[in-house]
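> In order, the protein sequences belong to chains A and B. Take the working numbering: the last position of the first sequence gets the number 849, and nothing is skipped along the way. Take the working numbering: the last position of the second sequence gets the number 104, and nothing is skipped along the way.
Don't take every hint at face value.
Computed list of chain B residues with no C-beta within reach of chain A, every gap over 10 Å [unchecked claim]:
(1) M15
(2) G24
(3) V29
(4) M33
(5) V38
(6) I41
(7) K57
(8) K78
(9) I83
(10) E87
(11) A102
Pairs of lysine-lysine residues, derived as DSS-like cross-links and limited to a Cα-Cα distance of at most 27 Å, are as follows [unchecked claim]:
(12) B:K82 - B:K57
(13) A:K772 - B:K78
(14) B:K78 - A:K751
(15) B:K57 - A:K772
(16) B:K57 - A:K751
(17) A:K772 - B:K37
Calculated from the structure, these hints are not laboratory results. All values reported here derive from a predicted model rather than from experimental measurement. Cβ coordinates follow ideal geometry from the N, Cα and C atoms, glycine included.
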Amino acid sequence: MSELLNQALAEGSISVRAIASNWKQAIELAGDALVTSQRTTTQYTVAMVKAFEDLGPYMVIAPGIALAHAKPSEAVLGTGLSLITLTEPVVFGSEANDPVRLVIGLAAVDHDSHIDLMAALSDLLMDVMKVNMLLQAENVEQVRDLLR
Amino acid sequence: MKIIAVCGMGIGTSVLLKMNAEKVLDILGVSAEVQAADISRAKVDGPSADIILTTPELVYQLEKMPGKIVAIEHVFDLVEIREKLSAALS
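Based on the provided sequences and hints, a complete structural model is requested.
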């Protein structure tokens, strides 16, 4: 399971103790990390921000956790994830789950091929203790250790 | 029993909702087909679903469907999913 997560989180896709002053900056951080790790083009970041503007804060899927994503498109170079922990929680406008401290960026090449990855991600994010440890991680290595 | 899990893009939240709904249905001993869909797909496949699973922010886009709408706030909370699904199934 966790091997899938480590593969999906390519080099450059993790950023800890990042600073964002609003939801847009937070989503852009997740997008930038997908670009750095060569899973998407910058167009995907634009699409994620637009998706949030159009559809609202439904991407905040659990207390403190946002899953930033857009539709599969040409902007997706490969299926992958990014992971951003925020120093200061950011308000996304989610009634149930604000404020956000963990942003996961998701890019998928189609609707089906990332299902196993989503199962692994679900197992990780369901584990409240592990999520808390992720949030306290001081560097990328500590995050990687938690994913192993 | 047909259930459709709906989110805006059809790759993130709906997939998580589908997986966790399947876990809950298994616990409840209910056999159902669960499909993940984005909003536009849901407009095609949604009307034949008995239950529409989604998040609170998207309910307004799905209200005209004949099936029961179940809005999940926390997609990893199996207790919430179980309570709300059980209520919709009864």
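> Work down the list of hints and note, for each, if the structure agrees.
Do the hints match the structure? See the list:
Chain A leaves B:M15 outside its interface by the beta-carbon criterion, the shortest separation being 21 Å against a cut-off of 10 Å. Distance check on B:G24: its Cβ comes as close as 6 Å (rounded) to a Cβ of chain A, failing to clear the 10 Å threshold; non-interface status is violated. Not every C-beta of chain A lies more than 10 Å from that of B:V29, the closest at about 5 Å, which undercuts listing it as non-interface. At roughly 6 Å, the least C-beta separation between B:M33 and chain A is not larger than 10 Å, which violates its mark as non-interface.
Non-interface call for B:V38 relative to chain A: holds, since the shortest CB-CB distance, roughly 13 Å, exceeds 10 Å. Every Cβ of chain A is farther than 10 Å from the Cβ of B:I41; the closest lies at roughly 15 Å, confirming the non-interface assignment. Against the 10 Å criterion, B:K57 stays outside the reach of chain A, whose nearest CB is about 14 Å from its own CB. Under the 10 Å C-beta cut-off, the non-interface status given to B:K78 relative to chain A holds; the minimum distance is some 18 Å.
Taking the minimum C-beta to C-beta distance to chain A, about 14 Å, the non-interface status of B:I83 holds against the 10 Å cut. Not every CB of chain A is more than 10 Å from the CB of B:E87 (nearest about 4 Å), against its label as outside the interface. For B:A102, the requirement that its beta carbon stay farther than 10 Å from each beta carbon of chain A is met, with the minimum near 19 Å. Proximity of B:K82 to B:K57 is assessed by CA-CA distance (about 15 Å); at most 27 Å being required, the pair is judged to hold.
Distance restraint check for A:K772 and B:K78: the Cα-Cα separation of roughly 24 Å lies within the 27 Å cut-off, and the hinted pair is therefore satisfied. The suggested pairing of B:K78 with A:K751 holds, with an alpha-carbon distance near 25 Å, which does not exceed 27 Å. The suggested pairing of B:K57 with A:K772 holds, with an alpha-carbon distance near 17 Å, which does not exceed 27 Å. Simply put, B:K57 and A:K751 have alpha-carbon atoms about 21 Å apart, close enough for the 27 Å limit, and the pair holds.
For the hint linking A:K772 to B:K37, the alpha-carbon distance of about 26 Å falls within 27 Å, and the restraint holds.
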